[in-house]
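With these hints in hand, go ahead and build the complete structure from the sequences.
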Amino acid sequence: MGAAVIVGASHAGVQAALSLRQSGWQDEIVLFSAETDHPYHRPPLSKAFLAGEKDAGQILLRSPDLYRDQQIDLRLGEPVEAIDRAGRFVTSKSGRQPYSTLLLATGSRARRLAAPGADLDGVFTLRSLRDSRAIKDALAAAGSVVIVGGGFIGLEVASTSAKLGRKTTVLEALPTLLSRALPPAVGDFLRSYHEGKGVRFRFGAQVAGFEGEGGRLRAVRLADGSTIAADMALVGIGGEADLDLAKDLGLRLSAGGIEVDAHGRTSAEGIYAMGDVAGFQNAFAPASMRLESVQNAVDQAKAAAAHICGGDAGLTAVPWFWTDQYDLKVQMAGIGRPGAVEILRGDPSTGAFTLLQLVDGRLIAAHSVNRAADHMMARRLIAERVPIDVAAAADAATPLAKAVLAEATTSRMATAGP
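Just so you know, our numbering puts 205 at position 203 of the sequence shown, and the rest follows in order with no gaps.
Be aware that one or more of the hints could be misleading.
To be verified - With a Cα cut of at most 30 Å, we get these calculated DSS-like pairs of lysine-lysine:
1. K138 to K169
2. K138 to K165
3. K95 to K199
4. K199 to K49
5. K138 to K56
6. K199 to K165
Think of the hints as simulated: they come from the structure by calculation, not from any bench.
Pasting the structure below:
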């Protein structure tokens, strides 16, 4: 076989290494990481770790001993500097590493804000454990916090900041929160909930620059001329796929990432990509897309490893995602679309509800707040593409499983067999 070389040691890279072993890969597995920390869970970086509820040892993806036990050569603090596609080797500070199969799990990097003063002390982005450590230290000393961007990372950090008692302001360029990811009703609910915790919002806000004194942030200046005092600022305006190596390899790109199929194969034989860096045609989406989620990274890694080891099953899982803010667990399943019929289950004023989205009578997406059972069943119903009884689906007291139309239920039972 030869060596399997994996570039990137976050959720996708680690899962790929483990799944290769589980799928029968007998030869060398080399896992390169640019970071010096052992691979860790990323979701806690904006929540439990940042709030001091968990330490670095509690958010590790796997025990450090597991890599040795599985004969995975984990090379920390060793970024891959170049890849020779023709010669089939990668180059890092320790020299050349040949490969028979190459897996790219380089992830994404935080989008930077091109504004004067963005390099001041006290202005941060959040992508790594190192970033989170720095933000955690800054939060401990901050009185006022400004967050640029009302996306998931921004709102999670806003939640943590508010819980720590900091004066927190979120600047959002668009008129509503999370308009690209959530229906307006869910975004509006989150806005109201945050406001109830003391978070302030400025919509339609454009940052003109960061103002400092002695090299340290003191305020954020907006395009309308107003300023907001800030001891620290987080820029959370999304991420971009890390394509530096892919471009050098001449790989075909799609949706801002490396184009892959359901098995993770790129346009080059023997090279796979997965996770945040991969652009693909998801079976539940109308167009090619990049998904930045733990679930997608893990599922793509499993599919790629299986294919490398001779399997034929591609990625078919329904996309899902979650975010924790205060005592809210917001869970999303499927991919929403403009114009979908929306059905509300439950009362948002109680802090527990689900917004369903249907197209042609079938569930395509569900957005649940503190209704985990709805989320789990929605994933199944989206995958099965069964017709939904709208009246039953709207009744929060009726289990979502009972909202499947009778003829569809009969068909499912017949398919399942005795």
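Do the hints match the structure? See the list:
1. Taking the CA atoms of K138 and K169, the gap is near 15 Å; set against the 30 Å cutoff, the hint holds.
2. Using a Cα cut-off of 30 Å, the hinted pair K138 and K165 holds, with the two alpha carbons roughly 13 Å apart.
3. Between K95 and K199, the direct Cα distance comes to roughly 48 Å. Violation of the 30 Å bound is thereby established for this hinted pair.
4. At most 30 Å may separate the alpha-carbon atoms for a hinted pair to count; K199 and K49 meet this at roughly 16 Å.
5. As the CA atoms of K138 and K56 are separated by approximately 12 Å, the hinted pair is consistent with the 30 Å bound.
6. Note on K199 and K165: the hinted pairing holds, with a Cα-Cα distance of about 8 Å set against a maximum of 30 Å.
Hint compliance for this structure: hint 3 is the single one not met.
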